[in-house]
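The listed protein sequences correspond, in order, to chains G and P. Note that the first sequence covers residues 1 to 111 in our numbering. Note that the second sequence covers residues 1 to 115 in our numbering.
Among the clues, some could well be false.
[Stated by the list, open to error] Here chain G is said to cover these stretches of chain P; the calculated rule only asks that three of the stretch's residues, wherever they fall, bring their Cβ under 8 angstroms from a Cβ of chain G:
1) 42-56
2) 105-115
[Claimed, not checked] Each computed EDC-like pair below joins lysine to aspartate or glutamate, with the alpha-carbon atoms no more than 16 angstroms apart:
3) P:K38 <-> G:E15
4) G:K98 <-> P:E102
5) G:K98 <-> P:D59
6) G:K71 <-> G:E52
7) G:K71 <-> G:E56
8) P:K44 <-> P:D85
9) P:K17 <-> P:D85
10) G:K17 <-> G:D84
11) G:K57 <-> G:D67
12) G:K108 <-> G:E15
13) G:K98 <-> P:E57
14) G:K59 <-> G:D84
Everything labelled a hint here was simulated from the structure, so no lab data went into it. All C-beta atoms in this analysis are idealised placements derived from N, C-alpha and C, irrespective of residue type, glycine included.
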Amino acid sequence: SQKIEQNSEALNIQEGKTATLTCNYTNYSPAYLQWYRQDPGRGPVFLLLIRENEKEKRKERLKVTFDTTLKQSLFHITASQPADSATYLCALRGGGNKLTFGTGTQLKVEL
Amino acid sequence: DAMVIQNPRYQVTQFGKPVTLSCSQTLNHNVMYWYQQKSSQAPKLLFHYYDKDFNNEADTPDNFQSRRPNTSFCFLDIRSPGLGDAAMYLCATSGGLAGLSETQYFGPGTRLLVL
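Build out the structure end to end from the sequences listed, making use of the hints.
If you want it as structure tokens, here you go:
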């Protein structure tokens, strides 16, 4: 069956460090992968989309990699700030050409 | 600013009492989605409209219905809410030109509490 796995344990890092979040998937062949940010009690907000023929995508302090051989995407936030604390969801096109979300990883950036 | 608006932000209903959640958008997007999200879980797609075409997910309970009277508005009706329906309900839109899996724009959500 299709599965998207994100680390369910919260990631705690110190301000200024680089946060790295992982998204692994099985039984998908996605043309692209998306990352969203979700704050408590709010809807997800789109951050980045990376296509299967792109190895890396950057946007300001954010960087996403996509390895279709490993079936994995890494999401990096450099020079992290307390305001980056949130849950980060990855999303893939699943059956029926619809978007399927992972459960997300909670990031906490401490002073 | 173009956006997706959900009302109310918090809704309390009684067990078995019908409730309607609303969503409006100023993005002029073709596709509108309703998701259910429970604590620490992934958003779960309930159904979507592509223009006026309604598409129900196979595992969405019959208790959940939706209406889209025009491009801008979409409603989620829960006919007889049970305790298990307490959740955050998220409305989202997408342009629809690149298929359903393209970037989606979410509203702030409605938190439903069933007493």
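Are there hints from earlier that the structure breaks, and if so, what are their numbers?
-> Hint check: 3 fails alone, others pass.
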